[in-house]
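Number of protein chains: 2
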Amino acid sequence: MAARQDTKKAPQQAPQEDNAAERLEAMGRSLLIDINNGTPPKFTTTARTRSNIIFDESKGYLKLGPVKEERNFLNISQSKRFMQTIAIASKCHKFLNENLHTTIRGLYYQLKFSLGEDVDENIFSEQSESNPLIEDLEVALGVNRENLNLNANRKGVLAGRMKVIDRFGDEKTEIDCSKQGRSGWAIPSDVDNDIEFVDIDAKYVLVVEKDALWQRLNEDGLWKKENAILITPQGQAARGTRRIIRKLADKGLPIYVFTDSDAWGWYIYWTIKTGSINLAYIGSDVATPEAKFIGVTMSDLDKYEFLNKMTIHATEVDLKRAQEMLDYTWIRGNKGWVNELQRMIKSKKKLEQDALQGPRLTFVDDYINEKIRNKEYLS
Amino acid sequence: MAARQDTKKAPQQAPQEDNAAERLEAMGRSLLIDINNGTPPKFTTTARTRSNIIFDESKGYLKLGPVKEERNFLNISQSKRFMQTIAIASKCHKFLNENLHTTIRGLYYQLKFSLGEDVDENIFSEQSESNPLIEDLEVALGVNRENLNLNANRKGVLAGRMKVIDRFGDEKTEIDCSKQGRSGWAIPSDVDNDIEFVDIDAKYVLVVEKDALWQRLNEDGLWKKENAILITPQGQAARGTRRIIRKLADKGLPIYVFTDSDAWGWYIYWTIKTGSINLAYIGSDVATPEAKFIGVTMSDLDKYEFLNKMTIHATEVDLKRAQEMLDYTWIRGNKGWVNELQRMIKSKKKLEQDALQGPRLTFVDDYINEKIRNKEYLS
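Top to bottom, those sequences are chains A and B. Just so you know, we're using numbering that gives the first Met the number 0 here: the first sequence kicks off at 0 and counts up by one. Just so you know, we're using numbering that gives the first Met the number 0 here: the second sequence kicks off at 0 and counts up by one.
Only chain A is shown next, with the shape it has when bound in the complex (with noise of 0.2 Å):
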């Protein structure tokens, strides 16, 4: 994919907005032929219904099927989203232009403005109706929003032996993610057009789920002692951390997860790996196969006493949760998970990260390590 080739791109060479623009400007060419030959305007993408959502077993992600959708201009149930379709790309080709940002909102309100001028109905009346067509518009032309100058939420901070160089606005600044006292770099929504990531010297990523544990983790010094990148997504990892943590693998890093044995913990862990229903049209952008699970496990009750006295009640969205992975295809042979599902299953328990502060607040470094090191992981 688009963001996927940039990133092995030589820095010198052309952002790729300029990219985003000319398959804009293609597109709108392609209309432009269809209408002087007299034949409908159309545009093809590919279907993002549930049925056209599969897991690709072979590179361990959720992408998109073979299934095209055409639209057309002339078919009445078809022409006013096609209308719409066009409006939104011909906003994000002058946003392209101007150099700069916005978000799906920003351009929302940029498309009842300018279309409500002539005409006494909005063309949008919900933001509901304009999300599906940016999506239709990333999968038609092969980009992904950000390559659109529209920004994604944010959250996520990192720190570790990394420099960002960040061309922004008329400047260009580097920022040492070894140099961020406390709090961190913030990973923004954006970490593909005009930002480099260099002077990378770690030997693993470690993605912590809560960013307290971050902050413990982060005081006690552990990326600088184990030479690693610490990464908190702070809960559900949004776009620009799952992109960055994909561009670290790239690099060969080692990617390691480490959440609550909960259903929230696991559905982080396994959106960074395998990716997310909801971005499967971004499928191989987004997804980092080789993330491996550290824990919490409900496993590690075997092996450090005191944790059964740490364990609290698994809620009823956590059991269902359980048994509704059980049956996924990427889970359903994996004997270490379903092991740790069944076990949350039959015990009705579950386990914090935060649980393993208890006997001294450092006990968590020490558990990671233990765990990096014997290569205690999950797949």
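In short, the hints are calculated from the structure, not lab data. Ideal Cβ placement from N, Cα and C applies to all residues, glycine included. Any given hint might turn out to be false.
[Claimed, not checked] One side only, chain B facing chain A, incomplete, derived with CB under 8 Å:
| id | residue |
| --- | --- |
| 1 | Asn96 |
| 2 | His100 |
| 3 | Thr172 |
| 4 | Leu360 |
| 5 | Asp365 |
For chain A, the structure is supplied; the task is to place chain B on it using the hints.
Then chain B, alone, in the frame of chain A:
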């Protein structure tokens, strides 16, 4: 309060943790004296009940009233809570001695671990039991939880001409908040201890509710052109963000707040300004009564014609909240605010800050500059 005084100390003086540790020790000594004298050990805190939360009209923030509560070890209804509070005090004292931080969740697990060693039953079965006792301790000792090495949730980002000297772990780092590119500096949980803010070169502070708008304004370089400190709390402001706004106001900078015109946006503004019921016990530390509200306002609809096309339906929550706010002591006599609230109730419409991107992405910059230049704000 302790934390406020600390910011005025010269950096070479002892950090405030010593202060908190000394207060914990004094509390311990006073209990020992009680025991040695054969009198029942007890300690006194200020009631945090609703009826003891008052709005200080002269100062403009929510704080605790004069009602005291005594916790007596030999009172059968208080002895468990008394013992629990002492256990918390002891743990916090240990964290201060170790010079390590954790969260109230981490503290809970330590209590679960160590107090369960000799007894069958856990002394705490839920974190909801330990949380209020931490607040008891903060109030009784006159310190904030950050001074007890307990990190709170963090959220919020800052950009501007300002440097952070962060003495963290075994290192001292200097972070230049004007060199953080697209990311900004992530505001930490604790902005009081072992951290300083120097070389502040700004005319005012702009607090922007949504990260999306912060990113927009950061891209336009608003803080560079206008010489501002640009902050987003990323929604409701966390303790660290409220504290840094308070600190910047203490340095004489005007504070302007820019939110949606709806229940949630107003709540964010009023929490920054007057504090909140939950944090009334540290009112003066987290409230910034000097803050002004620059928009978006319902009155903007008269000034900016296009905004009338950008309104959305107010929800039941918005309308109910607006009605409630009309009764607040600090709003009742405030003509500008009463007008805002009544306009929403009448029209059943609301307005988002994102809508200012309608005509062009950079319109929001002009809007803010005009509001500040013409002093068009509500108090």
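Quiz item: Okay, which hints does this one fail, numbers in order?
Solution: 1, 5
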